[in-house]
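These are the residues of each chain, in order.
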Amino acid sequence: MDNFIAARSQMGMSLAFHIIFATIGVSLPLMMTISEWQWRSTGDPAYLLLAKRWAKGTTILFAVGAISGTVLSFELGLLWPRFMQYAGAVIGMPFSLEGFAFFTEAIFLGIYLYGWDRVPGWFHLLSGIIVTISGVLSAIFVTLVNGWMNTPTGFDIVAGKFENIHPFIAMLNPAGIPEAVHMVLAAYTAAGFATAGIHGWLLLRGGRNRFDEVAIGIALLVGGTAVLLQSVSGDALARMVAAKQPMKLASLEGQFQTETGAPFRIGGIPFPDKRETKYAIEIPYGLSLLSFHRPYALIKGLDQEPESDWPNVRMVHICFQIMVGCGSLLSLFALLAGWLTWKKPPLTNHKSFLKALVLVGPLGFVALEAGWMVTELGRQPWIIYHLMRTKDAVTSMPNVMITFLAMTALYVVLGIIVVWLLSRHVIAVPDRKQLEREGVLV
Amino acid sequence: MSAAVILAGVLLAALVIYSLLGGADYGAGFWDLMCSGPRRQDQRDLIARAIQPVWETNHIWLILVVVLTFSGFPIAFSWISLSLAVPIFLILLGVVLRGSSYVFRAYFTGSVRTQLYWGKVFSVSSSITPLFLGIVIGAISSGGVLVKDGVSENGFLRTWFHPFPLVVGMLSLSLFAYLSACYLTIETNDAALQNDFRKRALISGFVSIVAATLTYVIAGDSAKPIRDGLSRVPYVWMIELGAAIAALVAFQALWSRSYLRARIAAATQVALIVSGWGVAQYPYLVRPELTIVNSAAPSNILSDLEIAVAVGAVVLIPSLILLLLVFKTHRKSISAIADTTLV
Chain A
12 MDNFIAARSQ MGMSLAFHII FATIGVSLPL MMTISEWQWR STGDPAYLLL AKRWAKGTTI
72 LFAVGAISGT VLSFELGLLW PRFMQYAGAV IGMPFSLEGF AFFTEAIFLG IYLYGWDRVP
132 GWFHLLSGII VTISGVLSAI FVTLVNGWMN TPTGFDIVAG KFENIHPFIA MLNPAGIPEA
192 VHMVLAAYTA AGFATAGIHG WLLLRGGRNR FDEVAIGIAL LVGGTAVLLQ SVSGDALARM
252 VAAKQPMKLA SLEGQFQTET GAPFRIGGIP FPDKRETKYA IEIPYGLSLL SFHRPYALIK
312 GLDQEPESDW PNVRMVHICF QIMVGCGSLL SLFALLAGWL TWKKPPLTNH KSFLKALVLV
372 GPLGFVALEA GWMVTELGRQ PWIIYHLMRT KDAVTSMPNV MITFLAMTAL YVVLGIIVVW
432 LLSRHVIAVP DRKQLEREGV LV
Chain B
19 MSAAVILAGV LLAALVIYSL LGGADYGAGF WDLMCSGPRR QDQRDLIARA IQPVWETNHI
79 WLILVVVLTF SGFPIAFSWI SLSLAVPIFL ILLGVVLRGS SYVFRAYFTG SVRTQLYWGK
139 VFSVSSSITP LFLGIVIGAI SSGGVLVKDG VSENGFLRTW FHPFPLVVGM LSLSLFAYLS
199 ACYLTIETND AALQNDFRKR ALISGFVSIV AATLTYVIAG DSAKPIRDGL SRVPYVWMIE
259 LGAAIAALVA FQALWSRSYL RARIAAATQV ALIVSGWGVA QYPYLVRPEL TIVNSAAPSN
319 ILSDLEIAVA VGAVVLIPSL ILLLLVFKTH RKSISAIADT TLV
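As you go down the protein sequences, you meet chains A and B in turn.
Numbers 12 to 453, taken from the working numbering, label the letters of the first sequence in order.
Numbers 19 to 361, taken from the working numbering, label the letters of the second sequence in order.
Incorrect hints may appear among the rest.
Listed below are the simulated BS3-like cross-link pairs for lysine-lysine, each with C-alpha atoms no more than 30 Å apart in a straight line [claimed, not checked]:
# : chain 1 : residue 1 : chain 2 : residue 2
1 : B       : K242      : B       : K166
2 : A       : K172      : B       : K166
3 : B       : K138      : B       : K217
4 : B       : K166      : A       : K402
If we take Cβ atoms under 8 Å as the criterion, some of the chain A residues that face chain B in the derived model are [what the hints assert, rightly or not]:
#  : residue
5  : T81
6  : F85
7  : R93
8  : F106
9  : S107
10 : F113
11 : I118
12 : F119
13 : Y125
14 : R129
15 : H436
Here are the in silico distance ranges between beta carbons for each label pair [as the list claims (entries may be wrong)]:
#  : chain 1 : residue 1 : chain 2 : residue 2 : range
16 : A       : A27       : B       : Q133      : 28 to 34 Å
17 : A       : R219      : B       : L278      : 53 to 59 Å
18 : B       : P252      : A       : A170      : 39 to 45 Å
No lab work stands behind these hints, which were simulated from the structure alone.
The model shown is predicted, which means the values in this text are computed figures rather than measured ones.
Glycine residues also receive a C-beta, built at the ideal position from the N, C-alpha and C atoms.
Input sequences plus hints: build the corresponding full structure.
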């Protein structure tokens, strides 16, 4: 493995873990706050217990997210020193703001954890809301940086260097906001469905109990709402990509030829050597309609760019299919859950529904990782789209392979620890006493 | 004063705060490794209690330092990352190991043996990380970090593997250990435990003075410019004098068991030493070539960053004070509620 591939692997691996830690850390505070609010308005101790469990989960994931986030901030320089040298000043603003959002989250999480009996009830709830908002802001700021790498704006290039930099214009680049919204909704979808799935499984195994039932209610509300909104956000993002990064759209869709009235492909495998995507179900005019809302709109194909500048079209297309497929399935499931709640409540009485819930539970995370692969692999071979190639940004340090292997081993250990701790402290079935006791201690 | 110098000042301030808070955490980990004698387990418990509930807030200062460096001084960040990749990678290993063992230990409820094992990982990584942080500081002060066309002129070892950075590494570890021992004396009411950490504070304080002297001597050989920086202008002397007085006060206070005074004096001492380094390093950021001015981002970016920092501080400082208030009342009652792991 050469250094360049090792560096990309290390960055990819670090992000793949961080994205999971961070999304759970961003989503749990919302569910925890909803649960506390429910407890304050109904007095049902199951909600209080749940809020405390999720607060503990937030704490664990927050600490782990802080670790993987620190690692990433160093790795930007360790692996891509030339990228940071040229772009550091341009993308520094969202990173700095993210630092502050993260700090705010840490402080109010501390107040939330220790403040149950020490601050007034309304203030405690407010702390939960601040944790939720600052978590979302962190996610948004970081994604804005990724947006800039896709649609770099806010500068002039003078003699091969960034000049006249406007940090806020760079921060609010065209891809930034659509990507950030998509990311936040993806986080809520993934964590919401995974949490609901886990509690569905516990409910099936352990029999009816109030704890799992209210947990499923809140988690599905969050995940289901997010996934339904995701279709709107996905549409906005796709149209942005169509307008600003036509080659990326072409590789998402396996569109080799430039054509008007391009079809939308469901499934299929692109064959770059033959310049075609086979075995796909094609919906006529679909892609033109989705991208520009006009059936005969011109869709640029990969033929507009030399093959050496293509991303790995096959991977990108397949990941995109996985993301859209999982998202659609979860949307249908959310509609079904809504319908069941309306027509035949309570939801948790339907055994087959719970079984299906367990099955779809992980799909949010599958979609999340696949979608992230789409945006990262789809941008290649550029680290800054059409400005700097990834291979020109990589470090000149030898033996990146060693650091890649060491970090991977560590992250695997860290991942195991997180899963173990969550199973122990957050999702374990409480005994009956804990639910009956009025004031549950932290 | 230019925007670049102001931002460098902000960075130095964040570094000072990080030393006082995060540094003490590292030091606590070091003492965890060194626990001995009949009160071994009590010492460990005290350390765990003292650092447990801060939830890594202390270590966010490091992220802030990194982020502001690459935003405000991108070339410096790029050069440091490249030529000091080895110690930085070791810092990262330390951060991951320390963090994960900390999380694990804080929530683990199983067998004592596993807990002890993770405790070892925690304390070893807590000791290694500040060593390499100090090495990075020593390396950027001693003039080996030079990058031409994306290649490190002095390779990846010679940039930091020589006496001066290594001694600075030792100095930072001993200072953090000293700071932490001073802090720990007032985290307990048990006179015997207080005495244990008092002894440690005295020993590590002495070691840090030896390391500081050694740093000064070796600097004459391999880091002449920074030593000249230390004796350049009157106010640098004043900072050094201040640090020396603080050290004397801290030692006297430790000797007479006035622990609160010792804690404040030790914190002042460390803050002044770190600031003294910053002032001596001025006008350089990374010796021998990058100054604060020639490595800074364009000034409109710097002023925008400073506005962001100011707004951030307006939000953060009152929140931090609030957290400390809530937290303090919690500490008092924590012994009343033994049940901290349930639920």
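> Hint numbers the structure violates, sorted upward?
Replying inline: none
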